[in-house]
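Taken in sequence, the protein lines are chains A, B and C. Under my numbering, the letters of the first sequence match residues 3 to 325, in that order. Under my numbering, the letters of the second sequence match residues 781 to 1041, in that order. Under my numbering, the letters of the third sequence match residues 105 to 370, in that order.
No lab work stands behind these hints, which were simulated from the structure alone. One thing to keep in mind: the hints can contain errors.
Said to hold, decoys possible - Just a sample of chain C residues kept apart from chain A, beta carbon distances all over 10 Å, derived: (1) Pro216; (2) Ala245; (3) Leu253; (4) Val338.
Stated by the list, open to error - What follows is a list of derived Cβ distance ranges for each label pair: (5) C/Arg200 x B/Val965: 21 to 31 Å; (6) C/Ile143 x A/Lys261: 31 to 41 Å; (7) A/Lys115 x C/Val136: 18 to 28 Å; (8) C/Val136 x A/Arg257: 52 to 62 Å; (9) C/Arg200 x A/Asp118: 29 to 39 Å; (10) B/Leu878 x C/Ala141: 27 to 37 Å; (11) C/Gly140 x B/Leu833: 33 to 43 Å.
From a predicted model like this one, the values you see are computed outputs, not experimental measurements. Backbone N, C-alpha and C define an ideal beta-carbon position, used for all residues, glycine too.
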Amino acid sequence: MPAIEVAGLERAFGEVRAVQGIDLEVADGEIYGFLGPNGAGKTTTVRMLTTLLLPTGGRASVAGHDVVDEARQVRASIGVALQEAALDPLMTGRELIRLQATLQGLPPAAGRKRADELLERVGLSYAAERRVGAYSGGMQRRLDLAAALVHEPQVLFLDEPTTGLDPVSRKTIWEEVRALNDGGTTVFLTTQYLEEADQLAENVGIIDSGRIVAEGTPEALKGEVGHPHVELLVGEEAIAAAERACAEVGKVLPRKDGKRVLLEVENGSADIPRVVRALDEAGVAVESLELVRPTLDDVFVAKTGYHLEDEEEKESGGEMAPA
Amino acid sequence: MSDLATTARVVGALGARSIRQTFRRPQLISPIVVFPTLLLAIQTGGAGAGVELPGFPPVQSFLQFMLAGAMMQSMMLAGNSGGIAFAVDIEMGFTDRLFAAPIPRFAIVLGRLAGTAALGLFAAIWFLAIGLIFGAEIEGGVPGALLAMALIAASALAVGGIGAAIALHSGSASVVQGLFPLVLVVLFLSSAFFPQSLMIEPARTIAEYNPLSFIVEGVREPIIAGIDATHTLEAVAAIAGIVVLGLVLSARALRHRLQVG
Amino acid sequence: MEAAANTLATPAWRTNLATILALMARAKNELVRVPGAAIPGVLAPTIFFLGLNGVFGALTQLRGFEIDSYESFIVPVSMLQGAGFTGAAAGVNLARDYEQGWVDRLLVSPAPRWVLLAGNVLAASARAFIPATFVLAIAFALGAQWPGLDGLAVCYLMVAATAAVAACWGSMLALRFKSQSAAPLMQAGMMALVLLTPAYAPLALLQPWLESVASVNPLTEVVEAARQGFVGSVSWSDTWPGIVALAGLLAVFGALALREMRRTNV
Chain A
3 MPAIEVAGLE
13 RAFGEVRAVQ
23 GIDLEVADGE
33 IYGFLGPNGA
43 GKTTTVRMLT
53 TLLLPTGGRA
63 SVAGHDVVDE
73 ARQVRASIGV
83 ALQEAALDPL
93 MTGRELIRLQ
103 ATLQGLPPAA
113 GRKRADELLE
123 RVGLSYAAER
133 RVGAYSGGMQ
143 RRLDLAAALV
153 HEPQVLFLDE
163 PTTGLDPVSR
173 KTIWEEVRAL
183 NDGGTTVFLT
193 TQYLEEADQL
203 AENVGIIDSG
213 RIVAEGTPEA
223 LKGEVGHPHV
233 ELLVGEEAIA
243 AAERACAEVG
253 KVLPRKDGKR
263 VLLEVENGSA
273 DIPRVVRALD
283 EAGVAVESLE
293 LVRPTLDDVF
303 VAKTGYHLED
313 EEEKESGGEM
323 APA
Chain B
781 MSDLATTARV
791 VGALGARSIR
801 QTFRRPQLIS
811 PIVVFPTLLL
821 AIQTGGAGAG
831 VELPGFPPVQ
841 SFLQFMLAGA
851 MMQSMMLAGN
861 SGGIAFAVDI
871 EMGFTDRLFA
881 APIPRFAIVL
891 GRLAGTAALG
901 LFAAIWFLAI
911 GLIFGAEIEG
921 GVPGALLAMA
931 LIAASALAVG
941 GIGAAIALHS
951 GSASVVQGLF
961 PLVLVVLFLS
971 SAFFPQSLMI
981 EPARTIAEYN
991 PLSFIVEGVR
1001 EPIIAGIDAT
1011 HTLEAVAAIA
1021 GIVVLGLVLS
1031 ARALRHRLQV
1041 G
Chain C
105 MEAAANTLAT
115 PAWRTNLATI
125 LALMARAKNE
135 LVRVPGAAIP
145 GVLAPTIFFL
155 GLNGVFGALT
165 QLRGFEIDSY
175 ESFIVPVSML
185 QGAGFTGAAA
195 GVNLARDYEQ
205 GWVDRLLVSP
215 APRWVLLAGN
225 VLAASARAFI
235 PATFVLAIAF
245 ALGAQWPGLD
255 GLAVCYLMVA
265 ATAAVAACWG
275 SMLALRFKSQ
285 SAAPLMQAGM
295 MALVLLTPAY
305 APLALLQPWL
315 ESVASVNPLT
325 EVVEAARQGF
335 VGSVSWSDTW
345 PGIVALAGLL
355 AVFGALALRE
365 MRRTNV
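Construct the complete structure from the given sequences, taking the supplied hints into account.
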């Protein structure tokens, strides 16, 4: 039986259709990566699967229980670490884990034991008696993860677990996710970081504007896009000429950062000399040239027409819209 | 254009902004209007038999007596609200924008106070209207009503100065907000809600010397009896005293704020 | 899967009770761990008590007032006001928890919704003893009549239950509006409920419109029940109407709050 089954799942907020009929299946024991920009519908989907939001259409089941009709059984089977860490700054780390244990129905002695185990596991034993308000962002995320594991859930939902963390903290969370999965826990992970999906997920679903636009293993998805591309950095005044020259060699892709010219090349490095000749004949001075193999961002571009990484950079300069 | 005209224009613009801020956010109006109106209804209904006590001034009704107190309460809360809004401007950095502009620094404070005075005027009109709707008569007629409104607006300016001083000094909205209980204390220790001669000690003695009592009596007299020079002058003197205090405190706090940044 | 096995073995009533107690323990953190957090809840009813006593104390001279001590007459009202403020504050805290995502943590657990609500409400009930006792101590210092142990017990029962009603009201609004901006409505609603009663004077001395309102306001029975020991003797016939009124209000506001708790995912 799949750990998560979704059929035609929809969620509308008035006129706005945040999730527009998605289908997906997550096998038992799998790490599933749900990738998309801010506002794509990731968090809305997670909230429906974790019973925090009622779907307005379609069906979903988690750990064999329907999210609408058997909501309580779903909650007993899942662990959740949401986008906002949802911690109480006045509680100590140990108090929070023990409260979570009580909420999950563990008897007091079992809750105390579990708190010790989990705090040790996420490397927070030394800070267990400190108030959560004094924890760093990374510590709060680890505590949130520990709280989600208190009852050994069958399915773990992680909504952007490493957003805002430094690279070291991010790697720590990744290691923990892998260890959990090795122990048999199914993980449903939403992320806007390509590398995170690439590194962790066995299967990836790419969501944009409320629809799943691609689904498969990272390798299969990248293979679909197929071809490597050349990235050129030229002067701003030469961009148009560069694109015209590249169009003679291959397919020009949407620019990256508005500055880098991208050209899909069917034959990989064998096409580089043709590209250089075409640019030379056009009199374009090239500052740098790089051959890049397909990434999940390329998959995203192929399916949506824009870069996920460009969206990240735009959003990091302004307000983040809820997914 | 002369400096005075420029300053007046700046004060007007900032005053208009502070009024717009309040009326665009109903949750800022409710403490100024809803809470005092509720209290007016409850106190009038609950303690209205007090007019039968020996020594109670001759009034048409307890509501007529209470209108001045309700206006005072509303005015004090407007002053507190204005202080909170000013502190929020400081916290958000908006005042830095104003300080960096080529405008007289004190115009920034005056602009905030102009807004507070306008709110006080609104409160006065509101309660006079409530009184008229529910049968209270303004014995001083239109001149009496105008005098009451003018005194309340001036009081709002005065009390607003103290609120602004606290905002400038602390730079924190929660500090100014924490003064809300003090507003109630000062009002209870005045003749806002009951004749001073019928209050219980020590409240009675404190009310006798409380400047707010003089202002309340100045506002009340035109409503329950007609315009009286003595009461009016005493009210004006009390307001002037608070204005001076507010101006001095605001000027010092402004200097302090400009020094510490 | 030891933890999962432990969960299944524990009887539901025990788990629910443990959850309620754990949520109450969390609620007490704000009082114990935030300096001065208890002050606003104590200050407001105290100011009202002292202020109203100083301002309206002469009302006892009116015919129809059967007691000379206005402190004795009004202290139960101030205690109930404190209960109202405390309960409404529980609603504000729930709204804050909602805004900060904490409520999601509770909602995603298998704990029944009524258990989550009960934790918040019972915490408010317990907390209401603090302002009530403070105001009472000041009233005694000013000469209020000793109500007897029975009068005191009835008064505190009314206080605890009123705080629970207020917490249900506040929780309902918090979950409906999902924002702390509903706080004035929470506070004003409870203030109106408590004061639209024979709060300032006996029923017969109220203005006709307030007498009519007070006659149908369930809190009037609560005020009279809480007050009886302070102005005379305690009797069952003056107590049970207050209990019934509070039971009714708890049933209504509790149901409304629970409904909102169940609709958070709509």
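Structure-based check of each hint:
no.	hint	in the structure
1	Pro216	8 Å, violated
2	Ala245	33 Å, holds
3	Leu253	36 Å, holds
4	Val338	40 Å, holds
5	C/Arg200 x B/Val965: 21 to 31 Å	27 Å, holds
6	C/Ile143 x A/Lys261: 31 to 41 Å	58 Å, violated
7	A/Lys115 x C/Val136: 18 to 28 Å	26 Å, holds
8	C/Val136 x A/Arg257: 52 to 62 Å	58 Å, holds
9	C/Arg200 x A/Asp118: 29 to 39 Å	31 Å, holds
10	B/Leu878 x C/Ala141: 27 to 37 Å	34 Å, holds
11	C/Gly140 x B/Leu833: 33 to 43 Å	40 Å, holds
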